[in-house]
Amino acid sequence: AQSVTQLDSHVSVSEGTPVLLRCNYSSSYSPSLFWYVQHPNKGLQLLLKYTSAATLVKGINGFEAEFKKSETSFHLTKPSAHMSDAAEYFCVVSDLASGGYNKLIFGAGTRLAVHP
Amino acid sequence: DTGVSQDPRHKITKRGQNVTFRCDPISEHNRLYWYRQTLGQGPEFLTYFQNEAQLEKSRLLSDRFSAERPKGSFSTLEIQRTEQGDSAMYLCASSTPPGTSGSNEQFFGPGTRLTVL
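From first to last, the protein sequence lines are chains X and A.
Every number in this note's numbering is 2 more than the matching position in the first sequence, counting from 1.
Every number in this note's numbering is 6 more than the matching position in the second sequence, counting from 1.
Be careful, since some hints might not be right.
To be verified - Far from chain X by the CB rule (all over 12 Å, computed), these chain A residues:
| hint | residue |
| --- | --- |
| 1 | His16 |
| 2 | Thr19 |
| 3 | Ser33 |
| 4 | Gln47 |
| 5 | Ser64 |
| 6 | Gln86 |
| 7 | Gln90 |
| 8 | Gly91 |
To be verified - Calculated pairs, BS3-like style, for lysine-lysine (alpha carbon to alpha carbon, straight line, at most 25 Å):
| hint | chain 1 | residue 1 | chain 2 | residue 2 |
| --- | --- | --- | --- | --- |
| 9 | X | Lys51 | X | Lys70 |
| 10 | A | Lys17 | X | Lys44 |
| 11 | A | Lys77 | X | Lys105 |
| 12 | X | Lys70 | X | Lys60 |
| 13 | X | Lys105 | A | Lys63 |
To be verified - Derived list of chain A stretches under chain X, where covered just means 3 residues or more per stretch with a C-beta under 8 Å from a C-beta of chain X:
| hint | segment |
| --- | --- |
| 14 | 49-61 |
| 15 | 76-85 |
Simulated from the structure, these hints should not be mistaken for lab results.
The structure presented is a predicted model; accordingly, all values stated were derived computationally and were not measured.
We put the CB at the ideal spot given by N, CA and C, even for glycine.
If we strip away everything but chain A, and leave its shape as in the complex, we get:
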């Protein structure tokens, strides 16, 4: 399967602990996005990478959240000192470089479901 993959698929943690999620985009995609989806809502944009550069961060991304894409391939999303309000599905998506066919289409991974107790 050459789609977007995310690991882990599920994470249960206690309040105050740190968690890290990983996303592996489709190999030729240089754009990578993180979204958060809470129960009963549509996904909300968190942050965007073009290659290794993080070009935009949503106001939803508090100081406890950090995302990296060190070599322009996989990305990690870390949440420090988790709170119960962080419980959500965290989705990763990727897309082709601008100007290429289908560059406005984002391909989504299966998500990581985080539960903070």
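Same shape as in the complex, but just chain X:
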């Protein structure tokens, strides 16, 4: 069965410093992986997705993630944090269900705090 583990429940950084949110996945075949962000009182927004093309994936708002099969990791990074990046981030693996649709399996989330 597919699963994801987000290694940090909380990450705190200073504005302008790099961000690293860690995610490991478990999959019996080549997975589709996503990062979603959830701001308070707003819906989940897709940051980026990996679907077996380039291993370095660029997303919105300066975020990127690297798929490393040997380490079963899909860590999210950003070179310089902005106050508006403060939110909950979810690493997600897509499980191709028997009905031919994509069931999303979410990690527990990482809350990112950005300090001035």
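Knowing the structure of chain X, use the given hints to seat chain A on it.
Just chain A now, with coordinates in the frame of chain X:
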């Protein structure tokens, strides 16, 4: 705004009452999903519709829960005889038909936060 919408955004009810939530997906999306998110956790899959057909239900969806999508457009999620453990954020998402560009991407609504007293 042509995104996924959900109504109501917040619902407070007493234990034992019935509640119903509505989801309006993006208009050209034929796939619709319901998820539940409890405090401090990631969303968990509840059920999936392709057009009007409900094709999968999670074991999380007890007999008190029922979901419909009568005309393949909007969907409703009803919880009967609510319990305090039902308190959560209920999220709806939609996606394009299989084989189309971006069909593995789900677009989420803002959610309905349910509080059962």
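The hints, checked one at a time:
A beta-carbon of chain X comes within 12 Å of the beta-carbon of His16 of chain A; the shortest separation is about 10 Å. Every C-beta of chain X lies more than 12 Å from that of Thr19 of chain A, the closest at about 20 Å, which supports listing it as non-interface. Every beta carbon of chain X lies more than 12 Å from that of Ser33 of chain A, the smallest distance being close to 17 Å; the non-interface claim holds. With a least CB separation of 6 Å from chain X, Gln47 of chain A falls inside the 12 Å interface cut-off, contrary to its annotation.
In this structure Ser64 of chain A is not separated from chain X by more than 12 Å, as the shortest Cβ-Cβ distance comes to only about 9 Å. For Gln86 of chain A, the non-interface assignment is confirmed: its Cβ lies about 25 Å from the closest Cβ of chain X, beyond the 12 Å cut-off. Taking the minimum C-beta to C-beta distance to chain X, about 22 Å, the non-interface status of Gln90 of chain A holds against the 12 Å cut. Listed as a non-interface residue, Gly91 of chain A keeps its Cβ farther than 12 Å from every Cβ of chain X; the least gap is roughly 19 Å.
Pair hint Lys51 of chain X plus Lys70 of chain X holds up; C-alpha atoms about 14 Å apart against a cutoff of 25 Å. Distance check on the hinted pair: Lys17 of chain A and Lys44 of chain X sit about 16 Å apart at the alpha-carbon level, within 25 Å; holds. At roughly 22 Å between alpha-carbon atoms, Lys77 of chain A and Lys105 of chain X fall within 25 Å of each other, so this suggested pair holds. A C-alpha spacing of about 15 Å is found between Lys70 of chain X and Lys60 of chain X, which places the hinted pair at or below 25 Å, so the restraint holds.
Straight-line distance between C-alpha atoms of Lys105 of chain X and Lys63 of chain A comes to about 11 Å, which keeps the hinted pair within the 25 Å bound. For the segment 49-61 of chain A, the stated coverage by chain X is satisfied: 6 residues place a CB nearer than 8 Å to a CB of that chain, which reaches the threshold of 3. Counting residues of the segment 76-85 of chain A whose beta carbon lies closer than 8 Å to any beta carbon of chain X gives 0, which falls short of the minimum of three for the stated coverage.
In this structure, the hints that do not hold are numbers 1, 4, 5, 15, in rising order.
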